[in-house]
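Now that you have both chains on their own, put them together as the hints suggest.
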Amino acid sequence: MNGQKDIAGAVGSAFFAAIGAAVFIASLNMSPLAAMFPRTIGAAMAVLALLHIVMALTGRSGEAVEKGSSVSEQAEGLGRRMTLLFTMIAWALLFPVIGMFVTSLAACAILMFTGLFGRTSPYRLALYLAAVLAMVVCFYFLMGNVLNIPMPRGLLF
Amino acid sequence: MAFDFGFVLSQAFSPFNLLLALVGVVLGTVIGALPGLSATMAIAVLVPFTFAMDPASGLIMLGAIYTGAIYGGAYAAILVNTPGTPSAIATTFDGYPMAKRGDGDLAMTLATLASVVGGVVGAIFLMTLSPLLANIALAFQSSEYFWLAILGLTLIASLSTGNVLKGLIGGAFGLVLSMIGVAVIGGDIRFTFGSSALLGGIDIVSALIGLYCIPVLIDLVARPDRHLEPAPLGRGFRLFEALGLCAQNAFNLLRSSVIGTLIGILPGAGGSIASLVSYSEARRSSRHPERFGKGEPAGIMATESANNATVGGGFIPTLVLGIPGTPPDAVILGALLVQGIRTGPELFTQQSGIVYIFMFGLLIATVMMLPLGLLIGRYAYRFIVNTPKALLVPLIAFMTVVGSFAIHSNPHDVVVMVSMGVLGWLLGLAGYGPSPIVLGLVLGQIAEQGFMRAYMIGGARDNFWGQLLFDRPISWGIVALIVVTLGLPLLRQFRKSGNGVKP
Numbered sequence: 001m002n003g004q005k006d007i008a009g010a011v012g013s014a015f016f017a018a019i020g021a022a023v024f025i026a027s028l029n030m031s032p033l034a035a036m037f038p039r040t041i042g043a044a045m046a047v048l049a050l051l052h053i054v055m056a057l058t059g060r061s062g063e064a065v066e067k068g069s070s071v072s073e074q075a076e077g078l079g080r081r082m083t084l085l086f087t088m089i090a091w092a093l094l095f096p097v098i099g100m101f102v103t104s105l106a107a108c109a110i111l112m113f114t115g116l117f118g119r120t121s122p123y124r125l126a127l128y129l130a131a132v133l134a135m136v137v138c139f140y141f142l143m144g145n146v147l148n149i150p151m152p153r154g155l156l157f
Numbered sequence: 001m002a003f004d005f006g007f008v009l010s011q012a013f014s015p016f017n018l019l020l021a022l023v024g025v026v027l028g029t030v031i032g033a034l035p036g037l038s039a040t041m042a043i044a045v046l047v048p049f050t051f052a053m054d055p056a057s058g059l060i061m062l063g064a065i066y067t068g069a070i071y072g073g074a075y076a077a078i079l080v081n082t083p084g085t086p087s088a089i090a091t092t093f094d095g096y097p098m099a100k101r102g103d104g105d106l107a108m109t110l111a112t113l114a115s116v117v118g119g120v121v122g123a124i125f126l127m128t129l130s131p132l133l134a135n136i137a138l139a140f141q142s143s144e145y146f147w148l149a150i151l152g153l154t155l156i157a158s159l160s161t162g163n164v165l166k167g168l169i170g171g172a173f174g175l176v177l178s179m180i181g182v183a184v185i186g187g188d189i190r191f192t193f194g195s196s197a198l199l200g201g202i203d204i205v206s207a208l209i210g211l212y213c214i215p216v217l218i219d220l221v222a223r224p225d226r227h228l229e230p231a232p233l234g235r236g237f238r239l240f241e242a243l244g245l246c247a248q249n250a251f252n253l254l255r256s257s258v259i260g261t262l263i264g265i266l267p268g269a270g271g272s273i274a275s276l277v278s279y280s281e282a283r284r285s286s287r288h289p290e291r292f293g294k295g296e297p298a299g300i301m302a303t304e305s306a307n308n309a310t311v312g313g314g315f316i317p318t319l320v321l322g323i324p325g326t327p328p329d330a331v332i333l334g335a336l337l338v339q340g341i342r343t344g345p346e347l348f349t350q351q352s353g354i355v356y357i358f359m360f361g362l363l364i365a366t367v368m369m370l371p372l373g374l375l376i377g378r379y380a381y382r383f384i385v386n387t388p389k390a391l392l393v394p395l396i397a398f399m400t401v402v403g404s405f406a407i408h409s410n411p412h413d414v415v416v417m418v419s420m421g422v423l424g425w426l427l428g429l430a431g432y433g434p435s436p437i438v439l440g441l442v443l444g445q446i447a448e449q450g451f452m453r454a455y456m457i458g459g460a461r462d463n464f465w466g467q468l469l470f471d472r473p474i475s476w477g478i479v480a481l482i483v484v485t486l487g488l489p490l491l492r493q494f495r496k497s498g499n500g501v502k503p
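These protein sequence lines are chains A and B, in that order. The first sequence begins at 1 in this note's numbering and counts up by one. The second sequence begins at 1 in this note's numbering and counts up by one.
In isolation and in its complexed conformation, chain B is listed as follows (with noise of 0.2 Å):
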């Protein structure tokens, strides 16, 4: 490494700059635990005021505000079992089980420790690997791009116990509610029904905002009982229980911080995908898979390292190849250019000063989100838990309103919002969970791309089938995976089902 490590670490750790990640750290936190304000929304907000500041301090803000912001997604999927991106989607199949439970003040320190644990070896990776992963995601071509989507779809789908079909028709749905509008090869105008209000498409955050939080309002107003069990007073932060749970699944930590990191190396589709494949992963290897779903805390930490990871992992191919792979990512590469900062190998080596010290200032960040989250994780609890039910539904109702409004400034995305919620209960009646959807929508744009690209470029060499699947190694490992995904399940089931066992 050409510079001046000194250097970088004096300035990394300066008061100033020290400052702005704690108050980046804070903002993002706040704003990512509200449903529909998003890390890109923050992010663009604020990057006009680091335009005033050197870039280093100004990208040490932007990178804290991100790292915050993606944490506390975690908040509204363990309290309100809302997802506050789809990174968080499998937080909230064990975080919402524990707080209901009375554990919410755990899940929530649980989040914290991995988040911390997951930011820091993406950060880790970053700092040292960079120009070496950032040939990963050029690796990828459009095939791959297609079958990763359906490996998102086939997980979330194999976690449908005894029940893959309807997460795989869910997912089938997802993808269909993500072709309205325009389409993104070929150009037609698909099942708009004449509203020129949905030639945009369904927006995936008010779709996300809609299906897991209208269903909770529903039943919140329904029954009298607490929204979430209260927790023993004295019990603090519960940090040692949390940490002992962390030493007995340190190896699950680490190893849902390198999926994180490695998956979300992959433009767009990292975050979903990577939280989602820790998971499944985390509860293959269990000793207890059947606690899973149930409020498991082994769940929550693997899927929160490997959101968080996916942080830095994201900035490889962001900084290396000036390839953004999620939209807080462009944002801050605009930010980066605004600065004249040009992105590229050569970054690595004509202005490693600022880029390094960037990097330490997403590391620092990531530690201090263990203090601040612990502290702002606890009295969001308390909040929760506390605040009546007369308060707590028109405080959740109003905030998915204004937050999927100010996606877009767009009074179709509540009306978006409201109806994907109503459809969303009346699924949950039949059975049908709101995960493959929300996945279906997110990856779907990225499974049509990758296979209309393989299609056409099959085409014209007369070879589809050739060009999706069989010329391409990375897609075979991926389509055994798939194999394995759905296999494995279906397997487990017959084999019950030989022995006389009800699964």
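Chain A on its own, in the form it takes in the complex (with noise of 0.2 Å):
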């Protein structure tokens, strides 16, 4: 308890609510052996959330060992967080398509460029580019020819 309201806690809190309430509502139409289960947790975790709104708004919500950054330290580097966010969500539905060498390089290539501060110099632009490629290719060969794992082609490969 610190004595201050968790307004991003509470918001979190209310969409549990809404998915315990959603599954105590789907359960209803289940068979009785498939319902049991979702119905108890469903309406155990509408229950809690609802009691952890109240707490938050309250302010006796209480700290977590392990937690995200907060809202404001989001706000540092948003665009580049987004960049990062964008990427990986375009290459997990992309890569089936277009094939995983090709996808993961592009990718990589752009995470690179995210995760690059400052004036860089051409020389070990180069160098991270050849990196970038090179850790691709040992990654592609030993996931298709060590361990055997078929990697989506698509339609360039």
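In short, the hints are calculated from the structure, not lab data. Some hints could be false.
[Claimed, not checked] Restricting the straight-line Cα-Cα distance to at most 35 Å, the calculated cross-link-like pairs of lysine-lysine (DSBU-like) are:
#, chain 1, residue 1, chain 2, residue 2
1, B, K294, A, K5
2, B, K100, A, K5
3, B, K294, B, K389
4, B, K100, B, K294
Right under this line is the structure:
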């Protein structure tokens, strides 16, 4: 209890309360054996979340051992964060269509630039790009040829 | 023991078998350190090679890979805040904060020492008390497994100091995620929203990689500062410092190893719960519980000794009862059957030679982890510290994508990984940590099976609550632990409020 209102926590709990209620309602259309557990857990989650909303809004919410960055901390480097997020989403959706190697190379190059801070000499940049290429080639070879995992080749490869 | 002890030793310590143990530990450690590449995969890939070896050599190598892979999970947990396996979840709590403040070298050395201690204790229990301890696994029935899963969730919730509710809600959300797909009992298709890709449910390792790794990556690209603080030069392995800490925490190490072995015996639930119980117990009995979660060495020692002790513990039901506790145990059980070794109580009388060579091999592999782990750990830490962010970000991102794809060679797992990562990041903003969610997902099926079996048996007897709780003394014990686990933080909170102290 730190005496401060935990608005972000209350929003999170509202999300969980909604999920709990949705699970409970969905369980009403299931067979009795499949419904019992979701109904119990959905109801418990909704009740706990509602209880937490009350605690969060009355400043009785405590601190967790592990927690993410706060909303204000996330404002720093928001553009880079969003670039990473959209690159990962596009990578996950496109690699079965275009091919694992090409999408991985493109995504890793974008992420490399996203992780660059300050001025970088052309030599260093070329070195980084070569390292990214070597990394993709090595992992692709390890997965495809050593561990025999069929890598999606897609439209390109 | 009706076997030739001299023969067993000569076989276990033969140069070829020692070499196999060495190769197995190195391969296992490296594979275990890469998120997504699991001990199961390492063993499954290498099993065919062991068919050409004599049974003892093949089993020694498989055991070495397994123990190395469980230990290797600590690397990613400490250096990248991503547990390679659910059993390394609690290692992230103190390992990553230590690495962030520049004590990653000490954290790695402590993890190595603790893993060796845990592995040795587990192997000794395996060699000496297997048939006796296997009875514990048999004593647990469906309702006990349900309560055990709930204990795991309450333990992790109670680690959210002063915010048990958030932990419980996160755990319940994990349980909901575990319900996606075909119902374990009843067979209904649940919460798939018409998508055939969700029929198989959410893969635990994909979710684990996403929930832990994506938020780390998002934070990594936002700031120009280093990912981890570099250790000052000339500190070496910090072995003597680590040994001193181990000596101070000797009881913690021993207790965590015994907890790991005993809980590791229980099929399915073992690894993840064992490390949490040990961590929770280390924190409860510590003179400085407030340091836990902020880089406390005792936390790493507790979790790493416990999760490596589960290797030996997990082999007890596998060898004595033929019930594999974990997926790697199941693969090794398959290899045993191919080699013509029949598991069961008679294994210890009729084929005791091979089984004891295997157990000694496991012990040797565990001891080998000490020099090998110290070396690999040191270079892994240096590599992560010295690699510029421009290379570290694509490297980790690429490992998350290929790692989650490699689990089932299914692109859907990568989509799940990224989706869970985005969700984990958003929930992190609201103060919800990933561990309760992952643990709920891991324990969901065990909890549902236990709950529903108790429901069905209790329904047939017209006594559901009796079956779930009142007729089972082991259930009483676990429920009492749950009450204590949930009650203590609340009591502490009330006391502090009463004294006018802000927790």
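Q.
Hint compliance check: list the failing hint numbers for this structure, sorted ascending.
A. none
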